[in-house]
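Can you make the complete structure from the sequences, with help from the hints?
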Amino acid sequence: MTIVVLNRRNLIAAGGSVLATGVSGLLLPACAQGVAPTQSMSGGSNNYRKGAPIVDRIGKGGFWMSGTVRRAGDGAPLDGQRVQIWAHTTEGQEHEPQSHGATLTDKNGMFRLEIPQIIPIFGQPHGHLAYDSGEFKTVFLRPVMRSAKDKSLEAHFVLQPV
Amino acid sequence: MRLARLALIWAALAAAICVPIAAAATSPLLEWRGSVYILAGFAGIVGLGLLLVQPLLAGGYLPGLSAYRGRLAHHWIGGALVVAVVVHVGGLWIMSPPDMIDALLFASPTPFSPFGVIAMWAIFAVALLAAFRRRLGLRTWRIAHMVLAAVIVVGSVVHGMLIEGAMETVSKAALCALVLGAAMKVMVDLVRRMRATSRGESVARR
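Just so you know, the protein sequences line up as chains A and B, in that order.
Residues 21 to 182 in our numbering are what the first sequence lists, from first letter to last.
Residues 786 to 991 in our numbering are what the second sequence lists, from first letter to last.
Source of the hints: derived by calculation from the structure; they are not laboratory data.
C-beta: ideal position from N, C-alpha, C; glycine also.
Worth double-checking, as some hints may not be accurate.
[Stated by the list, open to error] Among the chain A residues that face chain B by a calculated CB cut under 10 Å, a handful are:
hint: 1; residue: 71
hint: 2; residue: 114
hint: 3; residue: 115
hint: 4; residue: 117
hint: 5; residue: 141
hint: 6; residue: 168
hint: 7; residue: 172
hint: 8; residue: 174
hint: 9; residue: 176
Next up, the structure:
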């Protein structure tokens, strides 16, 4: 027979595991239906300029913005999707045209665009990404860098058809 | 000896405010920022510095100032705080309207924004109440001002500490700790004094 010792640490651990399984239990039905679509982040669309050109690189580069674009449900990678990227960098403010550019995903649904170093603005070092091409629902992301010294930033899209 | 103590206290106060401002002025981030954004940011830093002076004046802790002059300075610096907040918010609005609107509507993704916005409204509320303080009565005014001052201090300190910006971390944390400490000291003293007065009044009534 095991003796159950009830103390605060055990209770917290037990509570945590119940919480963890409980939450995943709630999520499981959604998993059965497949990959859930990404929701736009608050503030994601700030200083967006529609229709920024597809570029090889924004400015002089030095910082990598990368990620993936997949389809909601089956999670299949989406090829040739246009992702728009902008940020406050060493070469321009967020709203300025030279801070904006777009790139396309490859056959694995991956994208990667070199941009100038992101600089903290409005209290956080962050970038902006948008999918806004019409075929799927528009999504705006605003990932935050762990450190302002980071040289790269990732963001991932799961898109749902309109 | 007394003069030396006086000079030391004022020098320490000047250093507590000026060192963080000077450190922020050497921030490499400024190179990539426009003048309006820099002005708005420094208005915030100056505002934080003024938050240290206010409780010290209110408590009469600064030597060489008469009670009357101290109170007068407290009023004027309160006005300066309102101006600093207006420049801070106005400048950031000009810099990036959508980010400022998000912050003011409590819809911002940045965790520090609501603390700053709440502190801003509390500063405006104190300024408004101060204009009508004679009608409020001393006791009501003091309690209202103290509650709002606590909101201003806590809101501003959390706001400042969570921001990753031009301020240098150690000097910012030191200034924030001093602001918190000064506010707590003056509030504890005031509550004690108010209790003593009301006890005195009840004794006198007997």
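Quick rundown of the hints versus the structure:
1. 71: violated, 18 Å
2. 114: holds, 6 Å
3. 115: holds, 7 Å
4. 117: Since the shortest Cβ distance to chain B is 15 Å, the answer is violated.
5. 141: holds, 8 Å
6. 168: holds, 6 Å
7. 172: Violated: closest Cβ of chain B sits about 18 Å from residue 172 of chain A, beyond 10 Å.
8. 174: violated, 17 Å
9. 176: violated, 17 Å
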